[in-house]
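Visitor: Taken in order, these protein sequences are the chains called A and B. Basically the working numbering = 1-based index in the first sequence + 733. Basically the working numbering = 1-based index in the second sequence + 27.
These are computed hints drawn from the structure, not numbers from a lab. Since we're looking at a predicted model, the values are computed, not measured. Do not rely on the hints blindly, as some may be mistaken.
Unchecked claim - Mimicking DSS-like on lysine-lysine, the simulated pairs with C-alpha atoms at most 30 Å apart in a straight line are:
no.: 1; chain 1: B; residue 1: K362; chain 2: A; residue 2: K777
no.: 2; chain 1: A; residue 1: K881; chain 2: A; residue 2: K1018
no.: 3; chain 1: B; residue 1: K362; chain 2: A; residue 2: K924
Said to hold, decoys possible - So the derived label-pair ranges between C-beta atoms look like this:
no.: 4; chain 1: B; residue 1: I146; chain 2: A; residue 2: T941; range: 36 to 42 Å
no.: 5; chain 1: A; residue 1: C999; chain 2: B; residue 2: S324; range: 37 to 43 Å
no.: 6; chain 1: A; residue 1: T941; chain 2: B; residue 2: E268; range: 33 to 39 Å
no.: 7; chain 1: B; residue 1: G274; chain 2: A; residue 2: K886; range: 45 to 51 Å
no.: 8; chain 1: B; residue 1: T260; chain 2: A; residue 2: K759; range: 37 to 43 Å
no.: 9; chain 1: A; residue 1: P1003; chain 2: B; residue 2: G123; range: 26 to 32 Å
no.: 10; chain 1: B; residue 1: K270; chain 2: A; residue 2: V736; range: 45 to 51 Å
no.: 11; chain 1: B; residue 1: E268; chain 2: A; residue 2: E780; range: 23 to 29 Å
no.: 12; chain 1: A; residue 1: T998; chain 2: B; residue 2: G274; range: 46 to 52 Å
no.: 13; chain 1: A; residue 1: A814; chain 2: B; residue 2: A253; range: 56 to 62 Å
no.: 14; chain 1: B; residue 1: L174; chain 2: A; residue 2: V736; range: 43 to 49 Å
no.: 15; chain 1: A; residue 1: K886; chain 2: B; residue 2: K41; range: 33 to 39 Å
no.: 16; chain 1: B; residue 1: E326; chain 2: A; residue 2: S765; range: 52 to 58 Å
Claimed, not checked - Derived, one-sided and incomplete: chain A residues facing chain B with beta-carbon distance under 10 Å:
no.: 17; residue: C775
no.: 18; residue: R892
no.: 19; residue: R916
no.: 20; residue: K919
no.: 21; residue: E1010
no.: 22; residue: L1012
We put the CB at the ideal spot given by N, CA and C, even for glycine.
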Amino acid sequence: MDVYDIYIEKCTAKIDDMYAKGRRIKFTQLPSSVSEIRKDICIKVGEKESSGVILREDTFIELGNPEMGSCSILLYTDKPAMLNDGRITLIGPDINDSGVNNLSFDEIVIIGSLHGNDMDIVELESLCRNKNATQSFPFGQIIMLGGKELTEKDFESLRETLIIGDQIEGYRVRSFSENIWSRVSKQAVAKGFNFETLGKALMIIFKTAHPKIESMEVGFVTTNKDDISILKEYSKQILKTSKEIVKENWKIKGYDIECSSDCNTCDDKPVCDDIREVLKDKMKKNSTKNG
Amino acid sequence: MINIFSQLMMEANKSLYGLTIDPQNASKGPVVLGNGDFFIEIPVAFGCAFSDLTLTGANGTALPTAAELIDKGIETGVGSRMCNAIKVASYYLEAGLISKPDMIITSNSCCDSMTTLGILMNGYKPWADVPKFTMDAPHSFDEESYLYFGHQLRNAVTFMETVTGRKMDWDRLREVCVESNKQRQLLLEFQELKKAVPCPTEPDLARQGTEYTTWTSDRVTPTVTAWLEQLVTATEQRVKEGKGIDGVNEKVRFLWQDLAGSWASGTVLARLQKELGAVCLMDYVSYATWTPIDLSSEETMFTSFGKRFLLEDAMNRQALHTADLFCNDILQIVKEFKCDAVIMPAHIGHRDTNSRMKIVRDLCREHGIPCLVLGMDIWDKRYMTPEVVFDRMKTFFEVSGLI
């Protein structure tokens, strides 16, 4: 299972490159075992641990509102050594480390899209410290998994684990077709919820659901739309690979999910057309007979 | 019980009545006739009426004369297993009951029945002189497809300009898209609120809200935005109070993986909710996955339109694409909205869905989700009556240990 290795290398290289260029990057190293991670997390993680809904007024921050930019990537490999197990990387501001969360939508979009470097964040922070509005970060999430026994057949179940539902207290992923759009509650932030917390929660969920996982890294990007766009470019390529895996997995089950037959392309269309004509005549005759 | 929600429902229903044949025929021109396959913000911004013949047919099946209309539709020669909404539309067309439009815009759309209706409209002899434009919708969902279909929609605008001799007001289109984005955000917000247990209000308001926003003559107007604001605010209040639907003791939450059609909501689903506490959380139309229209440039706007049309519009999402996407949506809804069961109405006209019954059964079995396949007609209650559907669902909930 090495089809994603090239993207794991690309994502890792991108992070290293940003770090080398002096971008604000925060690394956190967690222990490998789930029980150890659980010992040091400020919120509850598990089925039904989230109340179900985070109302607009209870929202501290939205992550990945599509107008801000959003991207979710899931990669895995059968070479666990490729990953630095337990590492969480944050590129950009954290949920609670500044007043950036209080930016107005326009300020983030205008300044964030013009430059997209650390100076923006400093500038934005100074602009918005006294503002009150709850707003949104662009949001990129990269989950990388390694396990000697992971194969293409694990794709669907790993993808399903991405449906977080009510498993993280104070965090809800809003239903969304391709990207990731979520909310963090004020209550959770008051308990200390930040990206490290989210990374821990994801590690608990994935490692618990899939004992085959031997190493796991999580990366978050919250800088600007441009950085998210780079991830989106990777994501497009990754999606193509994923589609091939899905197609093959369905073939194993006995289905060709890309069959594109319809009436207009069917060889038997003339036969159906003839039958339809016969039925039409029959109905006309019947309706004449019945007056 | 009269409350804010029933008032909102009445308001939306009043507007939805406008989709039946007489009000549609009374539309002020220029009139674009289509069959459920156009991007509605375009005609709204262009200042012309858009009449959707599929919807007119579907609404015909809600009239007291539904059975007669369906039977007359069969006499037009369309296949017996063709969707009955299309049969009624065919009858309206062939009987000369539809006012002559100023132009026709169709596409190879999400279901074979609708495509057939498009062919009938384009080949209808009395309208031989009506200008026609056909778009080509790819059956795929990726950036290239969105861009491709966005170009088709852009070409449709040029076609409209040529036919009417008017120019598209691009500022107006942008304004309409801003309003549309606002409305979709509110609908998504309402969808979020349905995750609460118990469900805070009639979940069917999501379907009605989508129809009100997309299909009625009030579409993309501030009236609808205000309606949605009221809906979300009132529902948030109920979530805060921990209240469920008035008069309903919620016991089962289920997904109805199809359209609700013209009769199921008011009969079977309402009765299930009231008598058994079985709440239908979601159907095709109410499942919202919209991305806001990207207003950065004309190109991004049309690419967004392409994406909305191909991947995010009700029924296009479920019918145009792979079984994998269909199954993934089911899992997503069940997990996110805490559904206890999946009902596959297996509408006889939805051959795409019917071809996936075994796949969905297998999926549900693998995941331990109770699943019932009905095999009904969502437009014609004679095929499987509301009583039979109710009894089958009741028995299913009982044997699954859900009630």
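Visitor: Indicate, hint by hint, whether the structure satisfies it.
Guide: Okay, the hints, checked on the actual structure:
1. Under the criterion of a C-alpha separation no larger than 30 Å, the hint pairing K362(B) with K777(A) is consistent with the structure, at around 19 Å.
2. Distance check on the hinted pair: K881(A) and K1018(A) sit about 71 Å apart at the alpha-carbon level, beyond 30 Å; violated.
3. Straight-line distance between C-alpha atoms of K362(B) and K924(A) comes to about 26 Å, which keeps the hinted pair within the 30 Å bound.
4. About 54 Å separates the C-beta atoms of I146(B) and T941(A), a value inconsistent with the hinted range of 36 to 42 Å.
5. Separation of C999(A) from S324(B) is about 41 Å and conforms to the stated range, judged on CB atoms against 37 to 43 Å.
6. The beta-carbon spacing between T941(A) and E268(B), approximately 34 Å, falls within the hinted interval of 33 to 39 Å.
7. About 48 Å separates the C-beta atoms of G274(B) and K886(A), a value consistent with the hinted range of 45 to 51 Å.
8. Checked against the hint of 37 to 43 Å, the pair T260(B) and K759(A) passes, with Cβ atoms roughly 38 Å apart.
9. Against the hinted window of 26 to 32 Å, the Cβ-Cβ separation of P1003(A) and G123(B) comes to about 30 Å, which satisfies the hint.
10. At about 49 Å, the CB distance of K270(B) to V736(A) agrees with the hint of 45 to 51 Å.
11. For the pair E268(B) and E780(A), the beta carbons lie near 25 Å from each other, so the given range of 23 to 29 Å is met.
12. In this structure the supplied range 46 to 52 Å holds for T998(A) paired with G274(B), their Cβ-Cβ distance being about 51 Å.
13. For A814(A) paired with A253(B), a C-beta distance near 58 Å keeps the hint of 56 to 62 Å intact.
14. The hint said 43 to 49 Å for the Cβ distance between L174(B) and V736(A), and at roughly 26 Å that hint is violated.
15. Taking 33 to 39 Å as the suggested C-beta distance range, the pair K886(A) and K41(B) does not conform, at roughly 53 Å.
16. Remark: the range hint 52 to 58 Å for E326(B) to S765(A) is contradicted by a beta-carbon distance near 47 Å.
17. For the restraint placing C775(A) at the interface with chain B, the shortest Cβ-Cβ distance is roughly 23 Å, beyond the 10 Å limit, so the hint is violated.
18. Against a cut-off of 10 Å between C-beta atoms, the interface hint on R892(A) holds, since the closest Cβ of chain B lies about 8 Å away.
19. Given hint, R916(A) at the interface with chain B, holds; its Cβ is 8 Å from that chain's nearest Cβ, closer than 10 Å.
20. Hint status for K919(A) relative to chain B: violated, with the closest Cβ pair at about 14 Å, above 10 Å.
21. The beta carbon of E1010(A) comes within 8 Å of a beta carbon in chain B, closer than 10 Å, and the hint placing it at the interface holds.
22. A hinted interface residue such as L1012(A) counts as satisfied when its beta carbon comes closer than 10 Å to some beta carbon of chain B; here the least separation is about 7 Å, so the hint holds.
The structure does not agree with the numbered hints 2, 4, 14, 15, 16, 17 and 20 stated previously, though it agrees with the rest.
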